[in-house]
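Protein chains: 2
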Amino acid sequence: MSHQQGGHISLSPDEGQIVQAITRERPMSRTELARRLSCSRAKAGELVNDLIGRGILEDVDTGRKTRSRQVGINHELGVVLGVDLGTTSLDVALADLGGRIITHHAEPWAVERGPQTTLNRVHEVALELARPFGIPVEGIRAVGMGVPGPVRFPDGFIIGEHFLPGWDGLIAREHLARLFPNAVITVDNDANVMAIGSMRQGRGGDVSSFVFVKVGTGIGAGVVVDRKLVRGATSTAGHIGHTCVDFNGPICRCGNHGCLEAMAAGPAIARRAREAALAGRSPILADCLKRRGGALTAQDVSEAAAQGDAASLNIIQESGRMIGDILAGVVNVLNPDLVIVGGGVSKSGYQFLAAIRRGILNRSYPYATVRLRIEYSPIADRVGVIGCSTLATDWLFEVEGKSLEAANAVGF
Amino acid sequence: MSHQQGGHISLSPDEGQIVQAITRERPMSRTELARRLSCSRAKAGELVNDLIGRGILEDVDTGRKTRSRQVGINHELGVVLGVDLGTTSLDVALADLGGRIITHHAEPWAVERGPQTTLNRVHEVALELARPFGIPVEGIRAVGMGVPGPVRFPDGFIIGEHFLPGWDGLIAREHLARLFPNAVITVDNDANVMAIGSMRQGRGGDVSSFVFVKVGTGIGAGVVVDRKLVRGATSTAGHIGHTCVDFNGPICRCGNHGCLEAMAAGPAIARRAREAALAGRSPILADCLKRRGGALTAQDVSEAAAQGDAASLNIIQESGRMIGDILAGVVNVLNPDLVIVGGGVSKSGYQFLAAIRRGILNRSYPYATVRLRIEYSPIADRVGVIGCSTLATDWLFEVEGKSLEAANAVGF
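Taken in sequence, the protein lines are chains A and B. For what it's worth, the working numbering labels the leading residue of the first sequence as 120, then goes sequentially. For what it's worth, the working numbering labels the leading residue of the second sequence as 120, then goes sequentially.
Hint data in this document are derived by calculation from the structure and do not stem from the laboratory. Since this is a predicted model, take the numbers as computed values, not measurements. Glycine residues also receive a C-beta, built at the ideal position from the N, C-alpha and C atoms. Possibly wrong hints are sitting among the right ones.
Each computed EDC-like pair below joins lysine to aspartate or glutamate, with the alpha-carbon atoms no more than 16 Å apart [said to hold, decoys possible]:
no., chain 1, residue 1, chain 2, residue 2
1, B, 347, B, 456
2, A, 347, B, 345
3, A, 347, A, 524
4, A, 347, A, 325
5, B, 347, A, 345
6, B, 521, B, 274
Where chain B lies over chain A, by a calculated footprint (3+ residues, C-beta under 8 Å) [what the hints assert, rightly or not]:
no., segment
7, 348-356
8, 446-458
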């Protein structure tokens with residue numbers, strides 16, 4: 120097999136376990152794989168040799184001549200593309216099938232430019248990233264993409280006209296398939312892919328259940344229970360940004376009033392900052408507003424807060440508190456081990472995190488927080504593309520018609 | 120094996136699958152079991168014969184002489200006891216190992232009588248129930264008990280001094296073990312066992328994820344994701360009753376202010392009714408208050424509402440709306456297929472359910488409710504004891520040191 124042939128790679132349940140262990144962790148010896156499969160060394164050796172014969176695995180040269188030669192994914196099998204689309208940013212990365220990012224590009228991008236322009240840009244960036252490594256477009260065997268809105272999974276139908284103007288009803292998978300003809304395409308919500316990324320390479324790997332909260336232009340969460348992403352009955356699990364905080368609050372993108380997102384996400388922080396500047400409550404913000412020609416961003420507020428501006432600090436803390444209030448409900452329902460905070464607004468410093476913590480502790484059942492950790496993502500800048508690459512790899516392989524992700528769910 | 124020997128019954132993974140299929144569903148033929156295990160008819164026959172030899176299974180006389188003879192659990196193996204303790208009620212049932220309730224007794228009971236008196240009463244009732252069937256105490260092979268407060272699982276350590284006065288810190292499992300010397304004991308939270316009961320014999324069996332909400336003296340939920348109960352990091356998942364609704368609200372049993380429970384559960388309904396009666400807003404409630412010697416219950420309010428008392432109806436609707444508001448957050452997080460409402464206050468009629476529905480729909484993300492059903496439990500009166508019996512059976516059997524419940528979690 121070579122990367123000239125596209126489509127899913129079919130595996131038996133035993134083979135699936137081997138490929139899953141190697142793609143999720145690292146190259147392993149036949150002896151270690153035998154232990155993982157609870158089978159004999161001979162049987163594991165047979166399975167491995169067969170996978171090598173099919174071009175899926177290869178012997179890894181560890182420089183040591185030992186009995187414990189290791190096998191990894193055949194690097195000729197190709198690479199995967201991770202595409203983390205935010206409302207105002209685009210991150211594209213190439214990764215190997217072992218989940219290691221080979222190369223990564225980030226740029227500001229406005230999602231409202233629409234699917235055509237955006238996906239063409241994704242294609243362009245992907246080719247630019249691949250060129251120095253001599254990887255042709257056919258070498259991209261799978262694409263995993265996260266978008267900042269609800270996505271029907273697994274078909275990639277984009278639900279939210281309010282979140283992705285011009286994208287509504289689009290089967291994003293089909294468009295990407297035309298651009299990447301040799302790739303298996305998977306599209307998911309951005310907070311979901313960040314949760315997957317945290318599970319694989321972030322703090323989420325150490326615990327059984329956690330919630331990844333993305334705070335940026337919107338607010339969303341990826342929910343992991345029992346080491347498995349929860350997608351829900353209509354693919355909207357984790358949609359905490361549209362829980363109502365205040366019926367009398369401002370209108371949200373979704374049409375309702377006073378959703379968490381409309382009260383506490385980036386644009387709400389910017390709006391409050393503008394009000395503070397115009398009301399004369401913050402000379403720093405007023406200066407900034409003048410320089411920016413009448414508009415402010417959440418980042419301006421962070422910077423002003425870092426300079427000691429009390430009004431800015433208050434805005435950030437208020438936003439954190441509201442997010443914490445809603446997360447308190449999440450903590451009461453799921454009693455997770457960990458809450459991870461990421462997304463652009465999570466760069467607002469430790470005071471924002473402290474306010475989220477306070478909000479959670481104030482409103483949740485005390486025993487539910489006995490062991491709870493609440494932390495920033497230590498890999499916030501790349502957790503999205505890591506998650507997208509992981510998702511892509513998991514969906515490239517198929518075990519009895521199921522992706523590795525789904526197969527794992529039923530514990531094959 | 121006979122019921123003279125107590126303790127867990129150990130099974131191999133294959134045997135576990137057989138016992139699980141039969142205890143959760145019904146007696147089955149060897150051919151059907153072979154299909155379930157994806158093994159040959161001969162291999163299934165061998166496993167079944169071995170389990171018959173050990174006294175765990177028996178051939179079931181279906182009255183038909185066919186090749187498809189069925190096997191069920193050996194009835195000589197014994198029975199299980201389900202004990203559903205509420206704050207003001209005690210339900211005890213004997214069930215066979217196939218989950219069928221043999222006999223059931225319900226009585227009013229005040230949990231504040233303390234563990235000694237309560238567990239002695241449980242013992243007494245169990246023996247009374249068993250006597251007509253000729254079942255000695257040694258025939259009770261497992262006990263599953265639900266209590267109205269948080270329980271550390273699986274050791275049965277009772278956490279909440281506020282919920283179970285006098286029970287705090289008690290290892291309820293040890294006490295029960297002295298009373299039922301031949302039984303494997305499992306203790307869990309009441310809403311959790313109701314969720315388990317709904318999964319086995321209620322509406323919860325048809326869906327992948329649902330939330331069972333118990334509204335009684337307290338408010339709690341059992342959360343099921345992927346057909347598995349979510350217990351959380353410190354066994355408090357589903358503890359929605361202590362999500363703060365109003366910081367300026369009345370003090371809750373848990374010490375915080377304005378928890379959902381303090382605002383909307385049975386005692387809060389009774390308190391509001393008393394206020395309405397004393398303020399002259401409801402002649403019916405005022406009458407009732409006089410008859411009752413100064414105290415009212417949630418049931419009095421339901422009855423007054425049924426007679427057309429607007430003040431009572433308003434109290435019930437207000438309670439339902441607050442519960443719905445908090446459930447909206449739960450729906451946004453989990454995007455379940457179904458919300459089931461049970462517990463004593465769920466007998467307040469369709470207006471209460473309608474108010475819960477309205478609260479959920481008002482505050483949740485629209486796409487999350489596209490397919491959502493919100494219903495009363497159709498087996499509310501026995502869902503607790505069914506869940507307790509199920510839990511007992513699942514923990515009686517052990518597969519590689521794990522209960523059937525936990526083994527199922529890893530999909531053996």
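Right, here's what the structure says about each hint:
no., hint, in the structure
1, B:347 x B:456, "holds (14 Å)"
2, A:347 x B:345, "holds (10 Å)"
3, A:347 x A:524, "holds (8 Å)"
4, A:347 x A:325, "holds (13 Å)"
5, B:347 x A:345, "holds (10 Å)"
6, B:521 x B:274, "holds (14 Å)"
7, 348-356, "holds (count 8)"
8, 446-458, "holds (count 9)"
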